[in-house]
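Student: One letter stands for each residue in the lines below.
2 protein chains.
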Amino acid sequence: MQIAILLYENMTALDAIGPYEVLSRLPGAKLCFTAERAGPVRTDTGFLQLVAQRPLEEVPSADLLLVPGGPGDVAVRENEATLDWVRRIHAGSTWTTSVCTGSLILAAAGLLDGKPATTHWASLDTLAELGAKPRRERAVWSDKIVTAAGVSAGIDMALRLAAKIAGDDFARALQLGIEYDPDPPFDAGSPDKVEPELRDLVRNALLRA
Amino acid sequence: MQIAILLYENMTALDAIGPYEVLSRLPGAKLCFTAERAGPVRTDTGFLQLVAQRPLEEVPSADLLLVPGGPGDVAVRENEATLDWVRRIHAGSTWTTSVCTGSLILAAAGLLDGKPATTHWASLDTLAELGAKPRRERAVWSDKIVTAAGVSAGIDMALRLAAKIAGDDFARALQLGIEYDPDPPFDAGSPDKVEPELRDLVRNALLRA
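Taken in sequence, the protein lines are chains L and W.
So the first sequence is residues 1 to 209, counted in this note's numbering.
So the second sequence is residues 1 to 209, counted in this note's numbering.
Don't read these hints as lab results, they were simulated from the structure.
Hints are all accurate, no fakes.
Just so you have them, the derived chain W footprint on chain L, three or more residues with Cβ under 8 angstroms:
| no. | segment |
| --- | --- |
| 1 | 11-20 |
| 2 | 31-37 |
| 3 | 49-55 |
| 4 | 143-153 |
| 5 | 168-181 |
| 6 | 185-191 |
| 7 | 194-207 |
Over 12 angstroms on every C-beta distance to chain W, these chain L residues come out as not near it, computed from the model:
| no. | residue |
| --- | --- |
| 8 | 77 |
| 9 | 90 |
| 10 | 93 |
Don't be surprised by glycine CBs; every beta carbon is placed ideally from N, CA and C.
With the sequences and hints as input, model every part of the structure.
Tutor: Next comes the structure, spelled out in structure tokens:
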């Protein structure tokens with residue numbers, strides 16, 4: 001199974017690395033990080049570079065495409081070469097997936113027109129402007145397209161994909177392997193669960209990013 | 001606040017990237033990925049390289065040290081230069097932390113002698129052999145040393161560290177920012193929660209890695 005993960009400048013690393021840690025361990029998985037150019041790609045904090053093994057033109061197809069999010073999505077949405085690549089991969093994929101604002105890239109490529117989808121909670125309006133029908137859910141399944149909510153939601157989505165692809169027992173083994181028995185310190189992971197002031201503060205900080 | 005994250009060949013990426021995504025966003029955080037040599041470091045699946053910005057000798061101190069785990073811990077535990085660096089950083093740190101089998105490296109450096117600590121559930125015996133008092137907990141706090149359980153446990157630990165360092169409201173904002181409202185598909189993230197056969201299967205797969 002060929003898995004392609006798109007990298008781009010100013011992406012959020014965990015959007016890609018959470019699902020990677022699950023999907024790369026599927027039976028027979030061959031996973032490739034790819035970007036416009038091969039080599040180091042700077043993520044949104046400025047502190048980390050992930051290495052793209054191959055440029056997009058050397059990745060002609062994939063069974064599973066994952067598009068992460070991050071503030072860099074804005075530039076990718078205007079990059080016709082990358083959007084063309086996304087469309088080409090999607091045309092032959094079994095699964096086309098995104099995490100966080102990665103769905104805005106899928107939408108900009110025209111893959112979500114009129115379809116239910118999700119994204120980071122602070123970007124649902126933008127997702128609607130790009131033609132999708134936004135949903136406030138952890139992951140939205142629409143035929144072969146799966147869009148996950150913000151950043152950490154990619155881990156939950158990847159485990160569900162693993163169950164579809166390799167069965168529940170294999171997915172449970174992967175979950176045990178990464179000891180994913182979450183114990184967040186606060187019940188503050190969703191905009192419905194915090195006071196409006198905190199929600200606005202985080203939304204504004206993200207818009208500045 | 002200077003944060004140093006150790007990279008090494010055959011580490012598990014999510015051990016580092018989960019906490020990085022939280023800690024790099026603390027007020028005034030300056031975060032550095034460092035390794036024996038600067039440049040790309042191959043992670044345990046063989047599909048991903050993370051870039052170390054600076055070699056260890058150019059990182060003389062840090063307020064917070066994070067040591068991730070992964071099958072490569074075995075080689076690091078025999079690398080006296082790296083263990084010396086860990087000891088030097090720990091001598092001046094405010095927090096010394098690990099995720100997964102990163103605690104085996106802390107133990108090999110002599111930092112956990114007789115102290116309570118945790119690690120990936122499949123490595124608790126090794127942690128005891130290295131002189132620590134193993135605990136089956138999501139994170140163990142022992143003065144300034146904090147050790148987290150396997151892989152994904154680093155996210156929970158990092159949010160708790162963020163609360164100690166920047167206050168509960170800031171940590172809640174970070175949790176909301178990464179939309180950490182976990183929804184795992186199975187209740188299989190802990191060895192206590194699965195059948196012995198699945199536990200043995202995962203343990204053996206990890207030992208082969």
